[in-house]
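Q: Chain A is already provided as a structure; the job is to place chain B on it using the hints.
As they're listed, the protein sequences go chains A and B.
Going by full-length UniProt numbering, the first sequence wraps up at 290, each residue one higher than the last.
Going by full-length UniProt numbering, the second sequence wraps up at 290, each residue one higher than the last.
Derived from the structure by calculation, the hints contain no laboratory data.
Among the hints, erroneous ones may be present.
[Stated by the list, open to error] Which chain B residues face chain A? A few, computed with CB under 10 Å, are given here:
#: 1; residue: N195
#: 2; residue: P196
#: 3; residue: S231
#: 4; residue: S236
[Unchecked claim] Going by beta-carbon spacing under 8 Å, a handful of chain A positions derived as facing chain B:
#: 5; residue: R81
#: 6; residue: A82
#: 7; residue: R108
#: 8; residue: E144
#: 9; residue: A148
#: 10; residue: G159
#: 11; residue: T234
#: 12; residue: S236
For each residue, glycine too, the CB sits at the ideal point set by N, CA and C.
2 protein chains.
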Amino acid sequence: MCPARLNQDLARGFIIPIGGGEDRVKEQHIHRRFVELSGGGDADIVVIPTASELETTGRDYNRIFRDLGAAEVDFLPISRRADCDNPRYLDMLDRATGIFLTGGNQLRLSTILGGTGIAQKIRRRNAAGVAVAGTSAGASIMSEHMIAGGDSNSSPAEGRVSLAPGIGLTNAVIIDQHFTERNRLGRLLTASSYNPFLIGLGIDEDTAAFIGPDGVFEVVGSGTVTVVDASGLTHSSMWEASRGEALTLLGLKIDVMGEGCRYDLVGRHAYPPDEHAAFCTLPNEKVTTN
Amino acid sequence: MCPARLNQDLARGFIIPIGGGEDRVKEQHIHRRFVELSGGGDADIVVIPTASELETTGRDYNRIFRDLGAAEVDFLPISRRADCDNPRYLDMLDRATGIFLTGGNQLRLSTILGGTGIAQKIRRRNAAGVAVAGTSAGASIMSEHMIAGGDSNSSPAEGRVSLAPGIGLTNAVIIDQHFTERNRLGRLLTASSYNPFLIGLGIDEDTAAFIGPDGVFEVVGSGTVTVVDASGLTHSSMWEASRGEALTLLGLKIDVMGEGCRYDLVGRHAYPPDEHAAFCTLPNEKVTTN
Chain A
1 MCPARLNQDL
11 ARGFIIPIGG
21 GEDRVKEQHI
31 HRRFVELSGG
41 GDADIVVIPT
51 ASELETTGRD
61 YNRIFRDLGA
71 AEVDFLPISR
81 RADCDNPRYL
91 DMLDRATGIF
101 LTGGNQLRLS
111 TILGGTGIAQ
121 KIRRRNAAGV
131 AVAGTSAGAS
141 IMSEHMIAGG
151 DSNSSPAEGR
161 VSLAPGIGLT
171 NAVIIDQHFT
181 ERNRLGRLLT
191 ASSYNPFLIG
201 LGIDEDTAAF
211 IGPDGVFEVV
221 GSGTVTVVDA
231 SGLTHSSMWE
241 ASRGEALTLL
251 GLKIDVMGEG
261 CRYDLVGRHA
271 YPPDEHAAFC
281 TLPNEKVTTN
Chain B
1 MCPARLNQDL
11 ARGFIIPIGG
21 GEDRVKEQHI
31 HRRFVELSGG
41 GDADIVVIPT
51 ASELETTGRD
61 YNRIFRDLGA
71 AEVDFLPISR
81 RADCDNPRYL
91 DMLDRATGIF
101 LTGGNQLRLS
111 TILGGTGIAQ
121 KIRRRNAAGV
131 AVAGTSAGAS
141 IMSEHMIAGG
151 DSNSSPAEGR
161 VSLAPGIGLT
171 NAVIIDQHFT
181 ERNRLGRLLT
191 ASSYNPFLIG
201 LGIDEDTAAF
211 IGPDGVFEVV
221 GSGTVTVVDA
231 SGLTHSSMWE
241 ASRGEALTLL
251 GLKIDVMGEG
261 CRYDLVGRHA
271 YPPDEHAAFC
281 TLPNEKVTTN
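Chain A with its partners taken away, still in its complex shape (with noise of 0.2 Å):
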């Protein structure tokens, strides 16, 4: 699960979560750009609806590209891990420009994906360029460390979140949707504070974390993203707590950023938004990482 190698011609591609209820019918700006980055009009996206148990959702995604100008958009319907050998998902993958993970729930997402050749497939093309977005469950399954569920709470508290392997496409970061409006902080700073090495990321609903090949990311999108950056750590009482106990943790890092800002997770840093600043680079464009 760990990120496939970086060909070191190519830039990877962005990875996009989403914090789920994004606006579909109006400015749509979230879906929009992901279009944009997946190539526009000449655009093949490919999405993956198996977090979701609705037999509706891949044809309501489907719709939604297409509207969006995507020359090509296909759902693969994988509903079992047996579905996951097909060799005409895999070959759909290998054209796509661009693949978008539906929400529902995520451990449906690792438990059907999860060590198969389908999530390999996704993890490689989005290391060769290929942007991956996902919303909700699709958004919490995109990193290697992946909070299955939690209670609802603004404070940390031992066994308040609990933890899964993800998807892989980066180990930078730790992922929470639907973040304000079900008040998941306790879980984010539980989950970072459990290794000081995680960045957390809460996503508020209508709003995407676009990161870029460079390891920094933009907010799109009518909520905030905030970011929980655990390595100043000074104390920490979560080795000590037991179940349920409320924890110590000094020396925290927040930032709560809105659209346009920016955020360096290989630098730790959080930037306003910059009105002269070009949107975020463009995927095929060979950049320079640290």
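A: For chain B alone, kept in the frame of chain A given last:
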């Protein structure tokens, strides 16, 4: 926390999770083999006793490894995150030919070492050929995904295990220890089925898995290593189970392996003891991986 990139000219060092309670006074097969892999009479071993709250732990291991013939042994008295910035400790790890993580509490290890230069150095030294061993909590922390806690039970259930990010020497496996002694099959099955990519290793007391640079491990000790391979799962109720509910998991593969057995983590295949095989590949020998 991704395993550090391997230098193509060097073989990775052995990764040696031990199930706790290993023999420290009689034959000491496991510690003896670790000292040999670290250079025997030339070994320079650094002990990290951070998981333990006992002040004597570091000194106890110093004595054990000196008695087994190591040239140099010392321990890093790290008990809080600020200690990890000490440049002397990083220098000691740079000189080390073997690193040993003691038992105690694995969340103490992840919350104190996670995201620090010490954790990064351990990964890089292992990638450069240095053997890293850990017992009990020190075994759990070694992999990318770590079992932080859970119930004693032989059957899997939603919520039976809690995961946290480990130190990330490998992301192929998830490790449990004191395995048979504390009846932990249920939590290992639960952990492996969260994402069937992971291979579960349940390691008994006084038993170790010597994972070589070629991804093959050999069992050493008086107990067994239980390997859980969930990659062939045909059905899992994980994603729809409520908390504590018993799980249906169809198609699990389990191997219970005594001393001398080998397991290929790449091919996911177990081999019985072979009298004619060399004990294990030498760490400085260049190995071709698949």
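Q: For every hint, state whether the structure bears it out.
A: Structure-based check of all given hints:
no.: 1; hint: N195; result: holds, 4 Å
no.: 2; hint: P196; result: holds, 4 Å
no.: 3; hint: S231; result: holds, 5 Å
no.: 4; hint: S236; result: holds, 5 Å
no.: 5; hint: R81; result: holds, 6 Å
no.: 6; hint: A82; result: holds, 7 Å
no.: 7; hint: R108; result: holds, 4 Å
no.: 8; hint: E144; result: holds, 7 Å
no.: 9; hint: A148; result: holds, 7 Å
no.: 10; hint: G159; result: holds, 7 Å
no.: 11; hint: T234; result: holds, 6 Å
no.: 12; hint: S236; result: holds, 5 Å
Hint violations for this structure: none, all hints satisfied.
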